[in-house]
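Asker: Make the full structure from the sequences, and use the hints.
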Amino acid sequence: MIPSLASRHSWFEATARKRIAGLLDPGSFTEILPPAASTPSPHLAKLDLPGAFDDGIVIGCGQLEKQPIFIAAQEGQFIGGAVGEIHGAKLVGLLKRAVREKPAAVLLLIDSGGVRLHEANAGLIAISEIMRAVLATRAAGVPVLALIGGSCGAFGGMGIVAKLCSAILISEEGRLALSGPEVIETVAGVEEFDSKDRALVWRVTGGKHRYLMGDCAMLVEDDVSAFRAAATAFLADWQEPAPSVGLLRATQRQLENRLTAYGAYRDGLQIWAALGVTNPESVPLLDRDSLVALKEGLPT
Amino acid sequence: MEKLNFQFESVPALPAADPALCGVVGSGNLEILLNAGDAPNLCVVEIKTAARGFADTWQAVIGAFAAAHPAGGTRIAINDMGATPAVVSLRLAQALAEYQGGVQ
Amino acid sequence: MKLNDILDALFPAGHTVRVANQVITGVAQTAQGTVAVLGTTDAAAIDHAMALALSGYILDTLEQHPGRPLVFLVDTCGQALSRSQELLCLNGSLAHLAQCVDLARRQGHPSLSLVTANAVSGGFLSFGLMADRCYALADAQVRVMDLKAMARVTKIAHERLLELAISSPIFAPGAENYRRMGGIEAIWERPSAGLLEAALGQGARADERTEDRRIALGAERGGRNLAAAILQTVDSALAAA
Numbered sequence: 524m525i526p527s528l529a530s531r532h533s534w535f536e537a538t539a540r541k542r543i544a545g546l547l548d549p550g551s552f553t554e555i556l557p558p559a560a561s562t563p564s565p566h567l568a569k570l571d572l573p574g575a576f577d578d579g580i581v582i583g584c585g586q587l588e589k590q591p592i593f594i595a596a597q598e599g600q601f602i603g604g605a606v607g608e609i610h611g612a613k614l615v616g617l618l619k620r621a622v623r624e625k626p627a628a629v630l631l632l633i634d635s636g637g638v639r640l641h642e643a644n645a646g647l648i649a650i651s652e653i654m655r656a657v658l659a660t661r662a663a664g665v666p667v668l669a670l671i672g673g674s675c676g677a678f679g680g681m682g683i684v685a686k687l688c689s690a691i692l693i694s695e696e697g698r699l700a701l702s703g704p705e706v707i708e709t710v711a712g713v714e715e716f717d718s719k720d721r722a723l724v725w726r727v728t729g730g731k732h733r734y735l736m737g738d739c740a741m742l743v744e745d746d747v748s749a750f751r752a753a754a755t756a757f758l759a760d761w762q763e764p765a766p767s768v769g770l771l772r773a774t775q776r777q778l779e780n781r782l783t784a785y786g787a788y789r790d791g792l793q794i795w796a797a798l799g800v801t802n803p804e805s806v807p808l809l810d811r812d813s814l815v816a817l818k819e820g821l822p823t
Numbered sequence: 007m008e009k010l011n012f013q014f015e016s017v018p019a020l021p022a023a024d025p026a027l028c029g030v031v032g033s034g035n036l037e038i039l040l041n042a043g044d045a046p047n048l049c050v051v052e053i054k055t056a057a058r059g060f061a062d063t064w065q066a067v068i069g070a071f072a073a074a075h076p077a078g079g080t081r082i083a084i085n086d087m088g089a090t091p092a093v094v095s096l097r098l099a100q101a102l103a104e105y106q107g108g109v110q
Numbered sequence: 255m256k257l258n259d260i261l262d263a264l265f266p267a268g269h270t271v272r273v274a275n276q277v278i279t280g281v282a283q284t285a286q287g288t289v290a291v292l293g294t295t296d297a298a299a300i301d302h303a304m305a306l307a308l309s310g311y312i313l314d315t316l317e318q319h320p321g322r323p324l325v326f327l328v329d330t331c332g333q334a335l336s337r338s339q340e341l342l343c344l345n346g347s348l349a350h351l352a353q354c355v356d357l358a359r360r361q362g363h364p365s366l367s368l369v370t371a372n373a374v375s376g377g378f379l380s381f382g383l384m385a386d387r388c389y390a391l392a393d394a395q396v397r398v399m400d401l402k403a404m405a406r407v408t409k410i411a412h413e414r415l416l417e418l419a420i421s422s423p424i425f426a427p428g429a430e431n432y433r434r435m436g437g438i439e440a441i442w443e444r445p446s447a448g449l450l451e452a453a454l455g456q457g458a459r460a461d462e463r464t465e466d467r468r469i470a471l472g473a474e475r476g477g478r479n480l481a482a483a484i485l486q487t488v489d490s491a492l493a494a495a
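Protein chains in written order, with this note's numbering: chain A, 524 to 823; chain B, 7 to 110; chain C, 255 to 495.
Derived by calculation from the structure, the hints in this document are not laboratory data.
No incorrect hints appear here.
Here's a subset of chain A near chain B, in silico, CB distances under 8 Å, partners left out:
id : residue
1  : Ala559
2  : Asp571
3  : Leu572
4  : Glu598
5  : Phe601
Taking lysine-lysine and the PhoX-like style, the derived pairs with C-alpha atoms no more than 20 Å apart in a straight line are:
id : chain 1 : residue 1 : chain 2 : residue 2
6  : A       : Lys569    : C       : Lys402
7  : B       : Lys9      : A       : Lys569
8  : C       : Lys409    : A       : Lys569
9  : A       : Lys625    : A       : Lys589
Quick reminder that beta carbons are idealized off the backbone N, C-alpha and C, glycines included.
Answerer: Quick look at the structure:
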């Protein structure tokens, strides 16, 4: 499963387009609203900023192991992958289409800090529309998978969107949270959260922590083909459940228990120890396979 | 932001069916969209750049590109976030190669 | 305006509402019968405990009172900003809350939200904006970030942002901007039982309730002109799945 170093293509470093190209069956991707048919955001132009033709998100259809797939990939390099009016509408449109056409799955390659401040109101409403559209897609029986491993992670409203998906596949480099550490540091002070302490940031928001806690379904190598293999494997075993009170009750209990057990902790190290990890300090050093083995061996 | 428009004479490029896109609008980077143009011996360029005051540099870099490559009959649209001349030249060559089917 | 004054104005026929940890839960009487009343007060910074209190009450209502309308009162300054909250994946609890509101809709519970004072970012996303329709009192503050902070983060001059905010609803704080963009259905001059009952009555038709019409609304009102066309193009684009 782990490709040799020579053939590895880092997901973290790839652009949105490269991620799609490597994730889907070769040559199967058809872009909807390709750059040549698009206009950059006029809202950015008004603020004297150059836009991007695709407004920072690539959407379209393709195949994964011959199964029809809808896919959207955010470009983290463009204004932090943030959601503006056009960006958001593209994603909402794709999800609405998925409700009607029922592909085998929708893959969301999230790489975003959340709302684009330059279009803050449009971005916030758009994220709300995306949230509803993700749940409508799932209610139509189409699984929606979030893939996280880019430089911007999944923060703000896109962090919420990620947790509304059927499941999250994340790499060790991936980060998932609501407020960015910089925001918390600015408002609550460096004692609360030192955003320059990268190791701490990863112990609180990073892929390994989210996977150990069960917030993400799979931990994946930082490699495009590893994400492809993981998405394929996940979908092969997954039947999208109908939304129900029973399922949400179970989540409710889980979240309440977790808050009671770990609510006072401030560092991943404390929680990992409480989870039964005998040597929590070693977690950041473990490779992907060892960490997966460690999690599978934990008391439940 | 500054908007710049240039056109250069250039040897006709191989006509291609599809437009080509290279690069990303990120810090120190740019995206180049290469479309088929109208006049077969002209390379028409439209630039939107976050860095003001570099019109002469753009003219020199793209002029050198149009002189060295068959870029006639193309329309090039650029969104730039402060790429260096070296990056611009590299992306232009990539976009043209992709446009003509040279790379996947 | 005090919470109790708002409740008295909205529900003159009576209400039994409890506030704990800035979270409102309870019931009230309206012409359409009993409704569940829930939300937050005093500019709550939504944390795990608040989100789970709200989601728990929604699930109780779904189980015990099928079809009972949900009225959300929104007063939130956003999400709690703390390391321990993020450590437990705060976005997960907010998503869970949003999912409960969405399930209520699917199970035939009409819902509406009223921004009584503040509605900001994550706190607003997790329940206010998830209701079938969102309303706001005229003096409510609705925003992602105030313009001064926005100027700092985007490195665009504050004066320039102020100037642009006059002509465009796209980024500047304000309930009216959200109304023009379709995110807020209507603005109420003051809390009123008549307006509330009209709004609850409007939610009676199932298709109007379940369909997210905000993009179309934003286009009709001229505040959000690009999204509708994008939606249309994506919908009709040829692409072989």
